[in-house]
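Q: From just these sequences and the hints, can you work out the full model?
Residue numbers (our numbering), protein chains in the order written: chain A, 63 to 456; chain B, 63 to 456.
There could be a bad hint or two in this list.
In this list, chains with the same sequence are indistinguishable; a pair is considered to hold if it fits within one copy or across any two.
[Said to hold, decoys possible] Simulated pairs of lysine-lysine, DSS-like, Cα-Cα distance not exceeding 30 Å:
1) Lys-331 to Lys-381
2) Lys-353 to Lys-402
3) Lys-331 to Lys-101
4) Lys-280 to Lys-402
5) Lys-150 to Lys-280
6) Lys-280 to Lys-161
It should be emphasised that the hints constitute simulated quantities derived from the structure, not laboratory data.
There are 2 protein chains.
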Amino acid sequence: MIYLDHAAATPVNPKALQAMLPYFAEQFFNPSAPYLPAKRVREAYENAKAILAQVIGAKSVDLVMTSGATESIQLAFTAARGKVLISKVEHAAVLETAKQFDYGLINVDKAGTIDLDNLRAQLTDEVELVSVALANNELGTIQPLAEIAEILREVRLDRRARGIKTPLFLHSDASQALNLIDISVARLGVDLLTLNAAKVGGPKGVGALYVAHGVRLKPLQYGGGQERGLRAGTENVPGVIGFAAAAEEAKAHLAGNRKEYQEMAFALKRELAHTSIVSQIGGKVNPVELKYLGNPKRQLANFVPICLPGIDAERLIYKLEQQEIYLSTGAACAANKGSKSHVFASIGLSDEEIAGSLRISLGSTNTLEQMPVVANALAEAVAEELARTRRAHG
Amino acid sequence: MIYLDHAAATPVNPKALQAMLPYFAEQFFNPSAPYLPAKRVREAYENAKAILAQVIGAKSVDLVMTSGATESIQLAFTAARGKVLISKVEHAAVLETAKQFDYGLINVDKAGTIDLDNLRAQLTDEVELVSVALANNELGTIQPLAEIAEILREVRLDRRARGIKTPLFLHSDASQALNLIDISVARLGVDLLTLNAAKVGGPKGVGALYVAHGVRLKPLQYGGGQERGLRAGTENVPGVIGFAAAAEEAKAHLAGNRKEYQEMAFALKRELAHTSIVSQIGGKVNPVELKYLGNPKRQLANFVPICLPGIDAERLIYKLEQQEIYLSTGAACAANKGSKSHVFASIGLSDEEIAGSLRISLGSTNTLEQMPVVANALAEAVAEELARTRRAHG
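A: Here is the structure:
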């Protein structure tokens, strides 16, 4: 099996699973109960939060643990009552949440990078929240968060000078980025940051929201007062402990992993360029142009989004599946609904280009040795598809 | 260790944990992804939902999986826009959620059973939701849900006859009941039912909401469209699989467990009555009256709520903790906040009685042999407390 869809899901890191296991059956106590074993569970839980906070340069008290990135995003958006601005390439969780508000979409360039001038132009006085993912989930494009934060800071100062009291917050969904970018909330300048365990070797159903001091949120869940009243409900102790262990592990191997993924991505591209079947793709007989989406200089090291205009990417996925090579056309949830990617549409791809786009996202399950296998299988699948369509048209 | 707080948390059932394990690291795929291994994960997930639905006599399509009972409750309450009615002894998750609405509190009797006449009297035309827990989380009192459902049915018919279109739904939080009562949503007559994995040998951070056909809810989370658009976010696959396995296990052993807990509760009460130190409690020297709260005829078999007026229950918990016997005064989340139980206050206990109340909730970790140990330790702790207060006052 060769798995190339780490942006959709990652296996739980063995260390994270080991860290979680005792908290299912032995240390199962309710962390809010008054006796010693429960207090120990509370300590382990708070320790995990502290570790996770440290990974992003924050304090434990700044984190609200949630059931995943989608919940974190909903919670983040409660900071706003007025208008919100999001980039055109946000994940469905941000886009669909924004639609519950008066919202605006910020343009992106062909690589999916936010257009800062367009952001400035749309930052009218009623805007209360700007939400831009740290790294895009289909292109891997890394956004200039610090520059966005600086623009917002200027707007805040200008508003203050004019006596306008509308708050303005910056939220970023960092779901894809935690295991590839050394995140510091201070350096990024964000007020709110969404984290997702399941994308970084932690368990599904766990997330976190970093909330800067002074940002007022509205609880999504009322009850027992957990998470400083912002997120009631018995804490998911094993989940949070697993998340912290995975995040710590990711942080520890950040540079090494990045280097490894860069080498794999480079090898994959080299193989694709050299394979005899692929060179045929660009040849005169089969004028298929192999394009890499996004800007490799501002892209997560593990992302290799490919565009093969004129080829049916869904058929390629099916062909590769026969060889136990697994990848997707884009976000899993969108793929499931059979709708075309709004991300690919937003960077100006034609319908034909969108239909021919694949998302390869490398990760912990991959090796350098897999890359020629992938390149060959992809090239062969493309050649078969070309032969099929030629037959159909001929 | 003797653990007597199963109403606060239960260890994950070994079968449930075994069922979950493959879905962390091997079958980690995103169930919405398009390739075969992901489709197998989707199948396993849907199968788990079907099992869970079957346990409560419902269909898979009627269940929305959530991150726990608290979230299920929030989601259930989105059925209402107008007034809501809840019993006076609801869990904080219901009470604090109701406070976000125009709400009324239904009286209960001394056993914590809902006053049906008071319910009828408060069922004015603006009421849209009634929420009464199937079994109370501090007293174990089982509510007459079917009778409540019948009253609501009459009110609905009356409203229809008068041309009033305000909907009226019945929600019940069955968090404490799933492993002790054979639940059938049809028999109970509920429109909405909250389930909680962590109270029945499943993992923390997982819950479900049963939603009868025709009940319209508002999503709490927007995004990828999971759970029929009612609860977006990547599914917590291992969690849901663990919940289903635990619920199935609980259902299979329902009668046996109930009998076992009844025997334990009986033994505990018998031992408490016979222990020489305890008989002293009721004697003339130390006029402490040992009372059992709730009505044993309408009580979960594993609940033994005890009231020792004049004794400081928190000190008893501390003393028992020294002997590795763990129990609480009431709900863990309330205990954590140091506030006095609104449940005990609502059944008419005085402040002194509330301060002397303990919640013993038996479960899978208990044995019959533990009961004399518990009775002796409790009696000794009470005697010590009496001696201390006598010294202090003398």
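Q: Give a verdict on every hint.
A: Do the hints match the structure? See the list:
1. Lys-331 to Lys-381: The answer is within: 20 Å in one copy meets 30 Å, while 68 Å across copies does not.
2. Lys-353 to Lys-402: within (19 Å within a copy, 66 Å between copies)
3. Lys-331 to Lys-101: between (53 Å within a copy, 29 Å between copies)
4. Lys-280 to Lys-402: Classified as between; 26 Å across copies, 33 Å inside a copy.
5. Lys-150 to Lys-280: both (26 Å within a copy, 25 Å between copies)
6. Lys-280 to Lys-161: For Lys-280 and Lys-161, the Cα distance is within 30 Å both inside one copy (18 Å) and across copies (14 Å).
Checked against the numbered hints above, the structure violates none of them.
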